[in-house]
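There are 2 protein chains.
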Amino acid sequence: MSIKTPYLLFLGNAADPLAAKVAQGIRDWRPENCVGQLRLEGCNADLGLTDMTPNEAAAQGAKSLVVGVANRGGVIDSSWVEALIEAMESGLDLAAGLHNKLADIPELAEAAKRLGRQIHDVRHPTRSYPVASGTARCGKRLLAVGTDCSCGKMYTTLAIEKELRQRGVNADFRATGQTGILITGDGVSIDAVAADFISGSVEFHAPENTEDHWDIIEGQGSLYHASFAGVSLGLLHGSQADALVLCHEPTRTHMRGLPDFPLPSIKECMEANLRAASLTNKDARFVGIAINTSNLSDDEAMAYLSKIEQEFDLPTVDPVRTGVARIVDNLL
Amino acid sequence: MSIKTPYLLFLGNAADPLAAKVAQGIRDWRPENCVGQLRLEGCNADLGLTDMTPNEAAAQGAKSLVVGVANRGGVIDSSWVEALIEAMESGLDLAAGLHNKLADIPELAEAAKRLGRQIHDVRHPTRSYPVASGTARCGKRLLAVGTDCSCGKMYTTLAIEKELRQRGVNADFRATGQTGILITGDGVSIDAVAADFISGSVEFHAPENTEDHWDIIEGQGSLYHASFAGVSLGLLHGSQADALVLCHEPTRTHMRGLPDFPLPSIKECMEANLRAASLTNKDARFVGIAINTSNLSDDEAMAYLSKIEQEFDLPTVDPVRTGVARIVDNLL
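Heads up: the sequence lines are chains W and B, in that order. In short: position in the first sequence from 1, add 1, done, that's the numbering used here. In short: position in the second sequence from 1, add 1, done, that's the numbering used here.
These are calculated hints, taken from the structure and not from any lab test. Where hints are given, some of them may not hold.
Short derived list, chain W residues pointing at chain B, Cβ under 10 Å [to be verified]:
no.	residue
1	A133
2	D192
3	A230
4	F262
Ideal Cβ placement from N, Cα and C applies to all residues, glycine included.
Given these sequences and hints, build the entire structure.
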């Protein structure tokens with residue numbers, strides 16, 4: 002799955018900045034991987050990078066064009082095809098995390114074959130994985146778990162990786178979803194792996210390492226999500242996590258996509274994750290709580306963080322408002 | 002995935018009776034689906050069915066040839082190809098649950114296309130499934146769960162279905178593994194479904210039903226198996242089980258395939274399953290315990306069953322030695 006870096010970020014005809022949030026994530030977390038941006042007519046997003054053609058990007062050293070824009074439904078806009086072929090003609094590979102595959106578009110598949118380019122549709126694992134062995138492995142691992150889906154696990158783990166690296170700690174973010182894969186150029190879209198290999202794919206992508214090395218593993222879903230809990234459990238077991246961070250969005254009224262399902266309490270969610278984690282790592286412990294307070298005012302946010310911190314006696318942060326330094330202090 | 006019945010059972014060149022255990026399972030549980038058997042030279046298995054050619058089987062009404070034999074490694078023996086093509090020429094579809102696909106053998110794929118026959122490789126789901134909704138659905142469901150893999154879940158659930166039907170209860174076994182699918186002609190090989198759709202595939206194959214109907218769902222794996230627990234959890238959530246049966250093999254010294262992992266106690270395994278089941282069905286309860294005592298003497302077996310029954314105050318049976326009638330008594 003390794004995508005060659007650096008990238009030309011393709012913003013296409015993004016309807017608004019939010020439509021280009023994948024590209025935004027890449028620019029925020031891996032600026033060194035971004036050579037420039039390519040925008041089509043009608044594009045309403047701008048990452049502040051130099052606008053360039055594929056040829057110009059290739060001349061600057063770009064190796065891949067990454068589709069950093071999403072349309073409604075995650076489909077591929079027909080207006081993109083010409084630009085993507087031009088990129089391959091300029092020597093760039095393609096990468097995207099859309100629902101539909103770039104490789105399923107005949108013109109793109111034909112051009113890739115003709116030009117000898119790779120097309121990475123990162124939502125769709127192409128390699129096969131071993132069944133998890135469960136065998137203890139060297140190196141240390143942190144995993145983000147959540148009360149629900151989409152409550153900040155990727156952001157939290159990327160922030161922890163950045164903080165660790167700034168402190169000189171040997172650390173790698175391990176992506177388990179398509180945006181994370183595009184940001185780092187590697188990882189597994191774990192929700193698309195065959196069910197038998199969920200844990201095995203994590204053992205593969207967060208392998209044995211030196212004793213002082215931290216893998217910071219992006220979490221997915223929640224043990225309390227009735228649609229996806231199996232993914233979360235397999236991820237927990239495969240991670241053999243030494244350290245867990247609980248992610249939570251306090252204003253959500255029900256589990257994402259499931260109007261009849263209330264959120265678990267932070268306490269029961271932490272207990273369930275610790276019980277399950279202990280199967281493959283008896284020493285697993287929580288090192289912090291990351292709250293997504295984006296729907297709260299400053300005052301509400303700080304009061305909520307303080308309340309949760311008191312209740313659980315763990316560093317409680319909002320990675321965006323306060324940073325994750327206090328979690329990293331506790332980790333090290 | 003629906004396989005047309007009845008079947009001609011293909012035993013090939015089975016090295017011994019055990020190699021034909023899939024065919025044996027079909028004959029034991031769905032004798033009405035078995036028209037005859039087809040054996041090649043050197044076959045050391047015999048189901049006691051009439052030996053017949055594909056042409057003879059088709060004349061007797063057979064609609065599919067089912068590969069009921071496994072070679073070492075689950076591969077397809079080259080000596081089978083001629084017989085399988087002959088079957089398709091006689092009008093039969095093919096079905097198999099092997100690791101390698103029949104459809105990947107060019108001669109078979111070509112013949113199927115030429116003759117308009119279906120090839121069902123039941124280990125490899127071909128349909129797509131919805132994400133689980135978690136919405137409560139009408140009808141009742143029983144699920145077998147286990148302390149480990151391969152401890153009797155399929156046998157137990159098939160026996161419960163049979164007992165229920167004999168008592169006039171509207172009940173259907175729902176297969177979640179390849180042997181179960183070949184036995185009943187339908188179901189999902191749940192360990193091969195994309196991780197996001199584990200629970201959704203169960204909701205699909207054990208759908209809403211009349212209030213007096215029981216789906217008897219074949220379990221897979223164990224919440225305590227470090228390689229496969231995600232499958233078991235998704236299956237538990239998708240089942241929305243009203244009734245659970247715990248399956249256990251008392252002489253096993255470690256989790257199957259994982260020498261470093263001891264088995265959980267029956268008690269902790271039941272508690273973990275009840276906790277997880279309650280997410281999608283608050284009324285889930287255990288209705289019995291099924292022990293695979295095949296490695297114990299008669300005396301040891303009866304003593305063990307009695308001990309467990311006293312400890313948990315639940316009907317405790319060996320489906321082979323004692324039948325499952327007492328579990329069904331408790332269920333109804």
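Hints, verified against the model:
no., hint, result
1, A133, "holds, 4 Å"
2, D192, "holds, 4 Å"
3, A230, "holds, 5 Å"
4, F262, "holds, 6 Å"
In summary, this structure violates none of the numbered hints.
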